[in-house]
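Using the sequences and the accompanying hints, generate a full structural model.
Protein chains: 2
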Amino acid sequence: MTARITALDTFDIRFPTSRELDGSDAMNPDPDYSAAYVVVRTDAADGLEGHGFTFTIGRGNEVQVAAINALREHVLGREVAALCADPGTLNRDLIGDSQLRWLGPEKGVMHMAIGAVVNAVWDLAAKRAGKPLWAFLADAEPDWLVSQVDFRYLTDALTPAEAEELLRAGRRGRTEREALLRERGYPAYTTSPGWLGYSDEKLSRLARQALADGFTQIKLKVGADLEDDIRRCRVARQVIGPDIRMAVDANQRWSVAEAIEWTKALAEFDPYWIEEPTSPDDVLGHAAVRRAVAPVKVATGEHVQNRIVFKQLLQAGAIDVLQLDSARVGGVNENLAILLLAAKFGVPVCPHAGGVGLCELVQHLSMFDYLALSATTENRVIEYVDHLHEHFVTPVALARGHYLAPTAPGFSAQMHPRSLDTYRYPDGVFWAADALTEGR
Amino acid sequence: MTARITALDTFDIRFPTSRELDGSDAMNPDPDYSAAYVVVRTDAADGLEGHGFTFTIGRGNEVQVAAINALREHVLGREVAALCADPGTLNRDLIGDSQLRWLGPEKGVMHMAIGAVVNAVWDLAAKRAGKPLWAFLADAEPDWLVSQVDFRYLTDALTPAEAEELLRAGRRGRTEREALLRERGYPAYTTSPGWLGYSDEKLSRLARQALADGFTQIKLKVGADLEDDIRRCRVARQVIGPDIRMAVDANQRWSVAEAIEWTKALAEFDPYWIEEPTSPDDVLGHAAVRRAVAPVKVATGEHVQNRIVFKQLLQAGAIDVLQLDSARVGGVNENLAILLLAAKFGVPVCPHAGGVGLCELVQHLSMFDYLALSATTENRVIEYVDHLHEHFVTPVALARGHYLAPTAPGFSAQMHPRSLDTYRYPDGVFWAADALTEGR
Numbered sequence: 179m180t181a182r183i184t185a186l187d188t189f190d191i192r193f194p195t196s197r198e199l200d201g202s203d204a205m206n207p208d209p210d211y212s213a214a215y216v217v218v219r220t221d222a223a224d225g226l227e228g229h230g231f232t233f234t235i236g237r238g239n240e241v242q243v244a245a246i247n248a249l250r251e252h253v254l255g256r257e258v259a260a261l262c263a264d265p266g267t268l269n270r271d272l273i274g275d276s277q278l279r280w281l282g283p284e285k286g287v288m289h290m291a292i293g294a295v296v297n298a299v300w301d302l303a304a305k306r307a308g309k310p311l312w313a314f315l316a317d318a319e320p321d322w323l324v325s326q327v328d329f330r331y332l333t334d335a336l337t338p339a340e341a342e343e344l345l346r347a348g349r350r351g352r353t354e355r356e357a358l359l360r361e362r363g364y365p366a367y368t369t370s371p372g373w374l375g376y377s378d379e380k381l382s383r384l385a386r387q388a389l390a391d392g393f394t395q396i397k398l399k400v401g402a403d404l405e406d407d408i409r410r411c412r413v414a415r416q417v418i419g420p421d422i423r424m425a426v427d428a429n430q431r432w433s434v435a436e437a438i439e440w441t442k443a444l445a446e447f448d449p450y451w452i453e454e455p456t457s458p459d460d461v462l463g464h465a466a467v468r469r470a471v472a473p474v475k476v477a478t479g480e481h482v483q484n485r486i487v488f489k490q491l492l493q494a495g496a497i498d499v500l501q502l503d504s505a506r507v508g509g510v511n512e513n514l515a516i517l518l519l520a521a522k523f524g525v526p527v528c529p530h531a532g533g534v535g536l537c538e539l540v541q542h543l544s545m546f547d548y549l550a551l552s553a554t555t556e557n558r559v560i561e562y563v564d565h566l567h568e569h570f571v572t573p574v575a576l577a578r579g580h581y582l583a584p585t586a587p588g589f590s591a592q593m594h595p596r597s598l599d600t601y602r603y604p605d606g607v608f609w610a611a612d613a614l615t616e617g618r
Numbered sequence: 179m180t181a182r183i184t185a186l187d188t189f190d191i192r193f194p195t196s197r198e199l200d201g202s203d204a205m206n207p208d209p210d211y212s213a214a215y216v217v218v219r220t221d222a223a224d225g226l227e228g229h230g231f232t233f234t235i236g237r238g239n240e241v242q243v244a245a246i247n248a249l250r251e252h253v254l255g256r257e258v259a260a261l262c263a264d265p266g267t268l269n270r271d272l273i274g275d276s277q278l279r280w281l282g283p284e285k286g287v288m289h290m291a292i293g294a295v296v297n298a299v300w301d302l303a304a305k306r307a308g309k310p311l312w313a314f315l316a317d318a319e320p321d322w323l324v325s326q327v328d329f330r331y332l333t334d335a336l337t338p339a340e341a342e343e344l345l346r347a348g349r350r351g352r353t354e355r356e357a358l359l360r361e362r363g364y365p366a367y368t369t370s371p372g373w374l375g376y377s378d379e380k381l382s383r384l385a386r387q388a389l390a391d392g393f394t395q396i397k398l399k400v401g402a403d404l405e406d407d408i409r410r411c412r413v414a415r416q417v418i419g420p421d422i423r424m425a426v427d428a429n430q431r432w433s434v435a436e437a438i439e440w441t442k443a444l445a446e447f448d449p450y451w452i453e454e455p456t457s458p459d460d461v462l463g464h465a466a467v468r469r470a471v472a473p474v475k476v477a478t479g480e481h482v483q484n485r486i487v488f489k490q491l492l493q494a495g496a497i498d499v500l501q502l503d504s505a506r507v508g509g510v511n512e513n514l515a516i517l518l519l520a521a522k523f524g525v526p527v528c529p530h531a532g533g534v535g536l537c538e539l540v541q542h543l544s545m546f547d548y549l550a551l552s553a554t555t556e557n558r559v560i561e562y563v564d565h566l567h568e569h570f571v572t573p574v575a576l577a578r579g580h581y582l583a584p585t586a587p588g589f590s591a592q593m594h595p596r597s598l599d600t601y602r603y604p605d606g607v608f609w610a611a612d613a614l615t616e617g618r
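Chains as they are written, first to last, in our numbering: chain A, 179 to 618; chain B, 179 to 618.
Please keep in mind that the hints were generated in silico from the structure rather than gathered at the bench.
One thing to keep in mind: the hints can contain errors.
Which copy is meant is left open, because identical chains are indistinguishable; a pair holds if it fits in one copy or across any two.
[Unchecked claim] Heads up, simulated SDA-like pairs for lysine to any residue below, C-alpha to C-alpha not over 25 Å straight-line:
1. K309 x A185
2. K475 x T554
3. K475 x Q493
4. K522 x A494
5. K442 x H567
6. K309 x A259
7. K522 x E436
8. K475 x S196
So, in C-alpha cells, the structure goes:
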C-alpha cells in the first residue's frame, strides 16, 4: 500500500522566559519564547514523523497555530514518497492557495505557518533518507535543488540557469570541506552576553565566558538609551580586547537618521556590524544607513518577510551581511532561494538564531551553504544563544566556538514529548500550575 | 460613571461568491468574499457601537478572526471618551505590543487585525460626534490629525511639521469643495465589467452599462492568457470608444520582465494604468516596470502592507497612482500617513475597493483627502464594484458615476444583523443549509 500523510498535529508551546529577562532587547522587553509546533504523521511502516515549528515570543502564538491548522487540508492524504521526493510542489501549493494568499501574500502569520509545515516535511524527507538535512541537501543534484526554488518575482535578479551554475561551481572541493566541517564544525558567535536587561556585571562575566568558550565574535543589544549603550560597549570592549568582533543590534528601533547618528556615536568601540538599524521593510532606508555608517557593516534579515525583500536588499546594495532565519520565510525552499541570491551578489550569510530551536534548524542551512554553494566560512558565523536547547531531542553541540555538524537524520527540529506536555499553553503542566498560583 | 469599552465581539462572515465567478482574476480564480468582522461595545448611555472588519477571500478568515481576538485585552476597559478623542494611542499600543509585533511586524494577518479594530474605534468616534467619518476627519484640526499618525520609519520622507503644513494648506477652499462634494459626490470607476471569469458578451454588456451609468473609467482583469487579454481589451475598447479610460489589472501575476512585455503588448488599446504588475513587495521592480512602460501609468497598493512600503514606492518613483486600501493597513491612522505621503510626493490616490464593504469604508478617506489635503479630484477616482452592498445598513450610493457623500454618522461599516446571522461561518443559516445539501 502507498504510504500517505495521515495527520498534521499542532501544539501551542510557550516558555516563561520573560521572568529572567533572557532575550530582552530594545523592541522586545519581555519575550516568552514560544513555538507553534507541528508534527506530520504518516502510515508508513518506518514510523517516522516530520517535526517543524515557527518561533514567536508569546502572545499571538495561538494565531500562528490557527494559521498552521488552515494548511492541514493541503497536506493530509499526500503520498509520502512523492512529497519527500519533491517538497517544492507542496511549497508552491501552500504559497499559491488563492484564498489564503490574500492574508499575505507571502508574509507574516500565514507565511510563517507555511514555513513550519514545509520544514516539517523536509525533516521527514531527511529522516527517510537517513541523513542530517545539511547532508541531504549537499548530496542533492544542482538541477533538483533548483527545482525546489520558486523563482516567481526573482528572475530580474537570478534565473534558474544562473542558480544551477552557482550550485555546480559551489560543489567543487566539497569532499575536503566536508572533512573540515566534520572535524571543526561551523563558526558561531554568541549573543548571550548582550541582552539589554542584564547588568554590567553579568555582561562582563558572560563576555569573559564567551572568550573562554572560543567565540571570536559577540553581540550586544543597543537602542534603548545611548548613554547606556556607550557604557555597555565600553565594558564589553574592555573585556574582549580589540581583536574579537563586537556586533551591535538595534532590533528596528530607529528611523534612518537616528540609526546613522547612533551608530556613529558607537563607532569608537569599533562595532563590526549594526543589525536591524531600522524597519526590516525599509530597503531604501537600509541603503541610506549603509552609505552613511561605513566601514561599520549593515546587517539584517531575521524579520525580512520573504525572498522578494531580500532580493531588493541585495539589488540596492543595502546590506553587508544577510541574516536569514530558518522559520520566518516559507521554509527550506525559500531559504534555498535566499542562499542563492546571496551567492549571486557575493554577500555573506550569517543566520539569525536563538529563540526556540532556531539554532537547531539554521545550522543545517549554513553547513549546506558551505559544502555546496558559498564554499567558504570566511566572514560567516551563525548566531548562538544558549537558551532552551535542553528541550530538543538532538540539541546543537558547540565546541571551541563552532557548531558541530549534526549526525542524526533530519532537521534537528524534534522536541521531547515531556517538554510539549509541560509547556503546552494553556493546559500543560507548567501553565496549569502557574494559573493556580496566580489564582486564575 | 465613566463609560468604558465592555466587549469586542468577532464574527467570521463568508459569502459564497465563488459560485458566480464574481471577483475572479489572474491570481484569485474563486474568491469567497469574506469579512473578519468586529463590534466594539460600551456601557455608555448612548448605546452606540463601533463596527469594523477586515476583508479576506475565504479560507483563512478564521485565522483573521483569531488575530482580532488576540487584540481584545488591549481594548476592553478603555474609557470611551478618551479612546474616541485619541484613537492614535490605541493604534500605537496595538502596533507596539512587543510580543504580537513578532508576528509581523506591521504586515499580514496581525496588521489587518489591527486595522479592523482601529477602524471600529473610528466608527464609534464618528458616531459619537454625530458625523460621517469624512466630515469628522475634515473638521479636525491639522495638529490633531498629525498627532494621529505614527511617524516611526517615515521621517526621512515626511516630518510631522511638513505633514501639518500640508494639512494647513490643504484645507483652503474647503467650504466651496464641501458644497461641490455634497452636490456631485466623488468620481468613481467600475471594475464590474472586467472579471476574468466573464464571457465577452457579459463584458460588452457590462461595459455598455458602465457608460450608461456615467462612469468615465472602467477596469479589466488581465494576466492569465495574453491572447484572451488582447481580445478582451479590443472588445472593451470598441464598446467604450477612445475617450473613456480603460485600466488593466494583473493582480501580481508577472515577473518584472513579463510585466513589461505584456503591458507593451496591450499598449495599442491605450490602457490608462497597469495595476499590480508584479509582487506588491517589489518596490524596485515596480520602478523598473514604470520606467519601461510609460506613458502607461503604474498603479499599486491594495496589497501594500504598510506605510513603510508606500514610502519607498514614492521615494523610488515606482508608481503614478497610489491605491490605498481601507482595511489592509493599520486602520484610519495609517491611512492618514499614506494620504500625507501621497500629498508630499504629489501622487494621486485612487483607492482600491470592492470585496465586502471596502467601497463603504474607503469613500470616507477620499472625501477627507479632497476636502482637507489634496484639494482636487483631478485624475482621482475611487474603485467601484457592485457586490454585496445590500448587507450594509448604510450602503454606498452612486449617481452619474460618483460616490455620493454619506450622511449617516460613522464609517458606514455596519452590516445588517440578518446578514451576520445568515453568512456566519460555519454555523450561519446559509452555511448550515449548505453543509446539509453537501451531505457533510
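*Quick one: which hint numbers does this structure break? Sort them smallest to largest.*
5 and 8
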